[in-house]
Amino acid sequence: MFLEVKDLTKKYNHKTVLHSLSFQVQQNEILVVLGPSGCGKSTLLSCLNGFTTTDGGVVTLLDQDITNLDPESRDITTVFQSYSLFPHMNVIKNLTYGLKFQKLSRQEKNEKAKKMLHLLQLDDYANSKIQDLSGGQQQRVALGRSLIVEPQLLLLDEPFSNLDEKLRLKMRQELRRLQKELNITMIFVTHDQQEAFAIGDRILVMDQGRIQQISNGEELYSHPKNDFVLKFIGDSNQITDDEYIRPEKIELTKNETGDGTITNVIFQGATIDYELAYHDKNYQVTSLNRGQEFKIGDHVNVAYSTDKMEG
Amino acid sequence: MVKKHFGSKTINWIVFTILSLSILIFILYPYLSIFIESFNEPGQTFFDFFVNNLDLTKNSLFIAITTMILSTILSVAVTLIFVFISKKWQQILRLILLITMVSPPFVTSLAYITLFGRRGMITHDLLQLTINPYGPQGIILMEALSFTSLNALVLIGLINQLEPSLINSARSLGAKVDSIIKDIIIPLLRPGLIVVALISFIRSLADFQTPTIIGGSYKVLASEGYLAVISMGDIHQAALINITLAIPALIGFFLYIKYDRIVTTQGHGNSGGQSPFPLPKKGVFFWVASILSILFYIALILQYGSIVLNAVSEKIMGKFHFSLQPLLQTGPYLNDTILRTVSYSIIAGLLGSLISFFIIYYSQVKKNKWMQFIEMVGTFPYILPGTFFGLGYLYAFSKPPLQITGTAIIVVINVIFKQVAFATKAAKAATNQIEPTYFKTVHDLGGTVVNEWNDVFFPMTKHGFALTFLNGFISTMTTIGSIIFLVHPGQNMMTLVMFDVVQQGQYQVASVIACLIILICLIAAGIVFGIINLSERDWSHVFRSQRSNQEVQP
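Quick note, the sequences are listed as chains A and B, same order. Residue numbers for the first sequence follow the numbering used here, so the first one is 1 and each next one is one higher. Residue numbers for the second sequence follow the numbering used here, so the first one is 312 and each next one is one higher.
Honestly, the hints are just simulated from the structure, not real lab data. We treat Cβ as the ideally placed atom computed from N, Cα and C, and that holds for glycine. Hints should not be assumed to be uniformly reliable.
DEER-style ranges, computed between Cβ atoms [as the list claims (entries may be wrong)]:
# : chain 1 : residue 1 : chain 2 : residue 2 : range
1 : A       : Glu310    : B       : Ile568    : 52 to 60 Å
2 : A       : Glu150    : B       : Gly841    : 18 to 26 Å
3 : A       : Gln26     : B       : Val326    : 38 to 46 Å
Here are the simulated lysine to any residue pairs, SDA-like style, with alpha carbons at most 25 Å apart [stated by the list, open to error]:
# : chain 1 : residue 1 : chain 2 : residue 2
4 : A       : Lys249    : A       : Gln208
5 : B       : Lys751    : A       : Pro87
6 : B       : Lys680    : A       : Pro87
7 : A       : Lys231    : A       : Gln179
If the Cβ cut is set under 10 Å, some of the chain A residues that face chain B in the computed set are [to be verified]:
#  : residue
8  : Pro36
9  : Gly38
10 : Asp70
11 : Lys100
12 : Ser161
13 : Asp164
14 : Glu165
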């Protein structure tokens, strides 16, 4: 196994923040760790890159126990949320910083740097000051600085959260492209489920220091294993304890004598959200915007299928 | 592949050990020596001394409390003016306040004597009076005046951190200027006011120069402690006096820590928004603050004006003429003293800052508990009177294993370690500007502790380091209390020479030395700020917050 985490436990002042987590990561995979803030995902990352000591459990990378190694001795690098680019060094110095600690000739370093700049599409910026770069460019330098040392495992801690929407979408694609070209294994932490779906081969959903479910995006959405995953990923109308309907699975057709009544309309652009009163209950409904929206007070026929939680 | 990084670990260990040992030996040990030895030594016991000299304590407390009140009121007035004036005027007044802090602490008293003394320019020459200016009123007035610059700078710093929307919303709700000051500004400044009052109290207790120069027959603990060593050579007596002094100073300090924490954690305002100042120039507060401030600035102008005048003139037939005579007269007093003072100040500034930044690296960045204790020990010289520190050195280092009294090295060591108290505070402020992930990044990419220093810690705090150096330099140039017992003839420092000549009545020579000290400090400040500006780069969008705005030490 490439990376194996077994019974990883972490306490702060007697409060357990990680409850014996166990999971595995395959080589060349992107695992996304998804969860609300305070769920322990950053602590998990700190245990992996070595900035936090653990209170139990074992982390093995390529069959080597790294649980108690210094951060500098682990073959793992991290892209931090704040980038932490050195403001007193230019782009190339930042990029090659980690190579200082590897026994490489100047020529080798330069070659690596050149290749990385090209890969990041920053060829013309080698000698730029960090502060002259745009947010997206800074983000790419931070990424490159961690990639250039060719770590076995790359950790990313909400790296795109400081970027605007458009740039964030672009960086997701960039990251996937780099991952394919360099064949690198990554663990990516985020609280944004769209980002998780877009990037992750598999998604680890975490809450209150426990793993709630690990699987690919489609599985998580279609077959949530528990209430938390159901509510955290996407919207849903709960019918019974383990029965629910996704809002887009309800189909409405206009009918003067229909049982359902539209009580609210929220225009979202590509889709329209309705609130529906139906048999004394309220439902969330999401329809594609095809130019035939309902108005408040319209009566409709309702068709749906329920899903069952797989506990 | 696992690397062990032995080299880095060894260096790390060596630095850590040297820091710990040096602070324990050169700060903790001297203080402990005073307590241990003065209680064990034969002669008067502490209790006897205290009871027999209750008057001294009373006098000291009276002076300290009155000075505290007066100086706090004056500082509030000087501070409040800042909410009524434009940015440009704020900068000018702030610069004046900063400049007044680079002079030796007893310059005010010197000016007072030359202006209002028996042969004073104002009382005698102008008003033809012969009055006796010596006594407690002189001490209180002089101390209050000379503490006000620092106090006002502290408070002005807090005013600038006020959340603009607080004041703007009060105004939009219809609050008049007086109510804004009474209901918002003063209550928010309250912790700062307490801090400022306590600083004045502690400084007044420790000040022996003002009472010695203008106290006349009025005796306080600090001046008696000084005289006990200098004129009677009675170290035991001095130790008892200093211990008495230490008690109120310690109480004041514990209160100070409590409120200082509030002050430093409060400053999170300024979430953008329009600056609410200047406010309209009206209301009771405006007029009272204006009058007091004008008096204060007139006093400053008189003070420095008279000293400069004294330094470059000669009185012939009751009239002042430009003359180099005072400067020439001063020559023999100084000899190689200028060079010695400047070199000590440079060494103290550099090593004091270096030690402090390393301490803060361990205590703040590494959150090392032991080093946090060491940092606390390092603040002792800030709390306790300077003479106490000097006396501790006399006790601790006059016998084996470390017998270094009478040497030049003891003076240098003393001024270095005296810096640590303030320099660690400045270093902390500078270090807080660095986001912790920078340190992590170094390790993450394979670097070690030494790389943290070389690539992150020192490069990213270099402005803070330069300012801390400047502080150390200036405060060594103007220091007197801690070294006055340690310096031996032939290795004098400028402030000590100045203090001597003031007591001999050589006011013109003293004025020349005062001007020289101020000039040297201003040149040093010019050089340091010049270097900072040259290397200035806008790190704002990579750096978390603005550059540190540290004040210069008293």
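Results of checking the hints against the structure:
Checked against the hint of 52 to 60 Å, the pair A/Glu310 and B/Ile568 passes, with Cβ atoms roughly 58 Å apart. In this structure, A/Glu150 and B/Gly841 break the distance hint of 18 to 26 Å, their C-beta atoms being roughly 44 Å apart. Distance hint check for A/Gln26 and B/Val326: the Cβ-Cβ separation is about 43 Å, which falls inside the suggested range of 38 to 46 Å. Using a Cα cut-off of 25 Å, the hinted pair A/Lys249 and A/Gln208 is violated, with the two alpha carbons roughly 30 Å apart.
Between B/Lys751 and A/Pro87 the alpha-carbon distance is near 15 Å, which keeps this suggested pair within the 25 Å criterion. Between B/Lys680 and A/Pro87 the CA atoms are separated by roughly 30 Å; this puts the pair beyond 25 Å, and the hint is violated. Proposed proximity of A/Lys231 and A/Gln179 is contradicted: the alpha carbons are some 31 Å apart, above 25 Å. Given hint, A/Pro36 at the interface with chain B, is violated; its Cβ is 22 Å from that chain's nearest Cβ, farther than 10 Å.
The beta carbon of A/Gly38 is not positioned within 10 Å of any beta carbon in chain B (closest approach about 19 Å), and the interface hint is therefore violated. With a least beta-carbon distance of about 7 Å to chain B, the hint placing A/Asp70 at the interface is held under the 10 Å criterion. Here the hint on A/Lys100 is kept, as its CB sits about 7 Å from the closest CB of chain B, short of 10 Å. Checking A/Ser161 against chain B by beta carbon gives a least distance of about 14 Å; that is not within 10 Å, so the hint is violated.
For A/Asp164, the suggested interface contact is broken, since its CB lies about 14 Å from the closest CB of chain B, more than 10 Å. With 10 Å as the threshold, the beta carbon of A/Glu165 stays out of range of chain B, its nearest partner Cβ sitting at about 19 Å, so the hint is violated.
Consistency note: the structure conflicts with the earlier hints numbered 2, 4, 6, 7, 8, 9, 12, 13 and 14.
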